[in-house]
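Participant: Keeping the supplied structure of chain A fixed, place chain B upon it in accordance with the hints.
Sequences listed follow chains A and B, in order.
Taking numbering that gives the first Met the number 0, I'd label the letters of the first sequence as residues 0 to 214.
Taking numbering that gives the first Met the number 0, I'd label the letters of the second sequence as residues 0 to 278.
Simulated from the structure, these hints should not be mistaken for laboratory data.
Quick reminder that beta carbons are idealized off the backbone N, C-alpha and C, glycines included.
One or more hints might be untrue.
Per the computed footprint, the stretches of chain A lying under chain B, defined by three or more beta-carbons under 8 angstroms from a beta-carbon of chain B, are [unchecked claim]:
no., stretch
1, 42-48
2, 175-187
3, 198-204
Cut-off 30 angstroms, straight-line C-alpha distance, at most; resulting in silico cross-link-like pairs (DSBU-like, lysine-lysine) [as the list claims (entries may be wrong)]:
no., chain 1, residue 1, chain 2, residue 2
4, A, K21, B, K2
5, B, K5, A, K21
6, A, K66, B, K163
7, A, K66, B, K160
8, B, K155, A, K59
9, B, K163, A, K59
Which chain A residues face chain B? A few, computed with CB under 10 angstroms, are given here [as the list claims (entries may be wrong)]:
no., residue
10, N113
11, T125
12, S193
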Amino acid sequence: MTLIGLWIGAALTLCIYSFLYKDNPFFKFAEHLFVGVSAGYLLTITFHDNFMPYIYEPIKSIFTDGKYGEIQIIIPTALGLMMFMQFTHKYGWMVRLPFAFMMGYYAGASIAPNMQADIYEQIRGTAMPFGSLDSVSVIVNAIIILIGVICTLLYFFFSKEHKGILGGISKVGIIYLMIGFGAAFGYTVMSRISLLIGRIDFLLNLPLIRSFLPQ
Amino acid sequence: MSKLEKLNNIDRRIIYLIIAIAVIVPFFIPMGLPIYVSPPVKNVHEYIDALPSGSVVMIGFNFGPSTMPELYPMCVAVLRHCYSKNIKVIGVCLHSEGATIADNAMRSTAEEYDYKEHEDYVYLGFKVQPVAVILGMGEDIAIPFPNDYTGTPLSKIPMMKNIKNYNDIELVVDFSSGLSTDWWILYAGAKYHQKLAVGCTGVMVSGLYPYLNTGQLIGIIGGLKGAAEYENLIEQEGKATLGMKVQSIAHVVIILIVIFGNAVYILLLRQKRREGVKN
Numbered sequence: 000m001t002l003i004g005l006w007i008g009a010a011l012t013l014c015i016y017s018f019l020y021k022d023n024p025f026f027k028f029a030e031h032l033f034v035g036v037s038a039g040y041l042l043t044i045t046f047h048d049n050f051m052p053y054i055y056e057p058i059k060s061i062f063t064d065g066k067y068g069e070i071q072i073i074i075p076t077a078l079g080l081m082m083f084m085q086f087t088h089k090y091g092w093m094v095r096l097p098f099a100f101m102m103g104y105y106a107g108a109s110i111a112p113n114m115q116a117d118i119y120e121q122i123r124g125t126a127m128p129f130g131s132l133d134s135v136s137v138i139v140n141a142i143i144i145l146i147g148v149i150c151t152l153l154y155f156f157f158s159k160e161h162k163g164i165l166g167g168i169s170k171v172g173i174i175y176l177m178i179g180f181g182a183a184f185g186y187t188v189m190s191r192i193s194l195l196i197g198r199i200d201f202l203l204n205l206p207l208i209r210s211f212l213p214q
Numbered sequence: 000m001s002k003l004e005k006l007n008n009i010d011r012r013i014i015y016l017i018i019a020i021a022v023i024v025p026f027f028i029p030m031g032l033p034i035y036v037s038p039p040v041k042n043v044h045e046y047i048d049a050l051p052s053g054s055v056v057m058i059g060f061n062f063g064p065s066t067m068p069e070l071y072p073m074c075v076a077v078l079r080h081c082y083s084k085n086i087k088v089i090g091v092c093l094h095s096e097g098a099t100i101a102d103n104a105m106r107s108t109a110e111e112y113d114y115k116e117h118e119d120y121v122y123l124g125f126k127v128q129p130v131a132v133i134l135g136m137g138e139d140i141a142i143p144f145p146n147d148y149t150g151t152p153l154s155k156i157p158m159m160k161n162i163k164n165y166n167d168i169e170l171v172v173d174f175s176s177g178l179s180t181d182w183w184i185l186y187a188g189a190k191y192h193q194k195l196a197v198g199c200t201g202v203m204v205s206g207l208y209p210y211l212n213t214g215q216l217i218g219i220i221g222g223l224k225g226a227a228e229y230e231n232l233i234e235q236e237g238k239a240t241l242g243m244k245v246q247s248i249a250h251v252v253i254i255l256i257v258i259f260g261n262a263v264y265i266l267l268l269r270q271k272r273r274e275g276v277k278n
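Chain A on its own, in the form it takes in the complex:
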C-alpha cells in the first residue's frame, strides 16, 4: 500500500511539473485532484477533531448523561448555524449576528497586541541600540536602521509632493525598499529551489529508481 502511495505521489509530481513544458490535461487533472483532496481533508479533519468532540458529544451528553453544564455549547453552536443562513433569502439577515460577534471578538483581541507588537516594540527596537553603543558595528547598524526607518516612512508620506529635501529622502527610502525586495526575492528563490530539491529527492529515492542509480 505504501509502495502504491509512493508511485501515485511520483506520478502526480510529474503531472504537476509537466506544466513547465506547457498546459496539459495531466496538469489540470493533478491540480483539480489537489484542490478536491485538500477540501475533503479539511472538512473531514474539522468534522472529526472539532465538530464531534466539541459540539456533538457535549450536546449528546446533556441528554444521555444529564451533563447540564454543557448546555452553554448551544450558544456558539447556534451562532455557527446562523452562518449557513446566508444561503437563504428569507433568513439571510441572521448571518449578521455571528459576524458581528466575530468582528467584535477579533477587534478586541487584536488591537492592543497589534499596537504592542508592531508599533511600540518596533519603535523601541529602532531606538534601543542607541542606548548601548559599545562597538563600531553596533553604532553603524543603529544608524543604518534609523536612516532606513525614517526614509522609508517618509517615502510613504504622500501629503506633500516628493521634491527638494523630501524628494531626496524618498529616493533613499526607495533604495532601502529595493534592498529589502532583493533580500526577499533571494530568499524566495532559495525557498522554491528547496521545494524542487525535496521533490527530486523523493523521486530519486523511489525503490525502483534507487535500484538503478549509483549509491
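Facilitator: Chain B only, in chain A's frame:
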C-alpha cells in the same frame, strides 16, 4: 534575427531544463561544502541547549506537505535536540494539513530516543480558530485542548499534571509556512510575554527580521539553510544538509543565468543603439 536577439528570446523551457540538471546532478556527486551557522539559528540552539532537564518546550506544526522539504528537516532537528536534552515537548497544530505530519514527526523522533507518549511528550492535535486557541492556551491549555490527539483527556496525562499555561512553558517554537508566526508574536508574545522562536520557509525570513531585532523572537531557523545549520549544530546530518549541498550548486547556476541574461540584454541595447546611429 541576430544571435543576440535569439539569446534574448531564449525559450524559458531551456532554463527550466538547466535548473533541473543543476539540481539532479549534484545528488550523485559527493561534496563537502561547509555550512556556516548564522546567529539567529545559533540563538535558538543555545536557548534550548541551556534549558534544564525536564523543561517544557511547545512546538507548533503549522505547515502542510507543500512546504515539507523546507520545514520538516528543521522540525526533526529541533525535536532531536529537545529529546537529547531530556526536554518535555508539547506539539500543537493550527494548520489542518499539518495534523498528521506533526504526529509522524513527534512519534518517529520519539522512538529514536525512547521517549514515551504522555510522559515525555504530548501531541495535542489540530484545532480551528488559531487566534482563539493561542489566547486560550494563555489561560489554560485545557480550554482549547480538553483532550490530546489520541482523545485522552489532558487531566489524565501525567506529563500535563503541572503544565497549565504559558507560565509553565519555557519556549514556543513555531514551524510555519504562513500567518501562524504573526499570531504567536501577537497573542502569545505581546500578550503573555511568551518566549518565541520560529522555523519558517525562506520566503518568510526577511519579513521576520524586525522581530528578531527587537527581541520578540529569540531566533529564526530560516528555510532549508536554517535547517542545515541546525543539523550541523546538533551534529546529525539529515535531509537539509544534503539539500543545501545541492542548493549551493543550483544557486551558482541561477546567478550565472542572471548574469548571462543581463549581459545579453545590455549587449542587445548597445547593438540597437549602434544600428540606430547608422540608420
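Participant: Next step is simple, just say for each hint if it's right about the structure.
Facilitator: Outcome of the hint check:
{"no.": "1", "hint": "42-48", "verdict": "holds (count 3)"}
{"no.": "2", "hint": "175-187", "verdict": "holds (count 5)"}
{"no.": "3", "hint": "198-204", "verdict": "holds (count 4)"}
{"no.": "4", "hint": "A:K21 x B:K2", "verdict": "holds, 25 angstroms"}
{"no.": "5", "hint": "B:K5 x A:K21", "verdict": "holds, 21 angstroms"}
{"no.": "6", "hint": "A:K66 x B:K163", "verdict": "holds, 24 angstroms"}
{"no.": "7", "hint": "A:K66 x B:K160", "verdict": "holds, 25 angstroms"}
{"no.": "8", "hint": "B:K155 x A:K59", "verdict": "holds, 22 angstroms"}
{"no.": "9", "hint": "B:K163 x A:K59", "verdict": "holds, 28 angstroms"}
{"no.": "10", "hint": "N113", "verdict": "holds, 6 angstroms"}
{"no.": "11", "hint": "T125", "verdict": "holds, 8 angstroms"}
{"no.": "12", "hint": "S193", "verdict": "holds, 4 angstroms"}
Hint violations for this structure: none, all hints satisfied.
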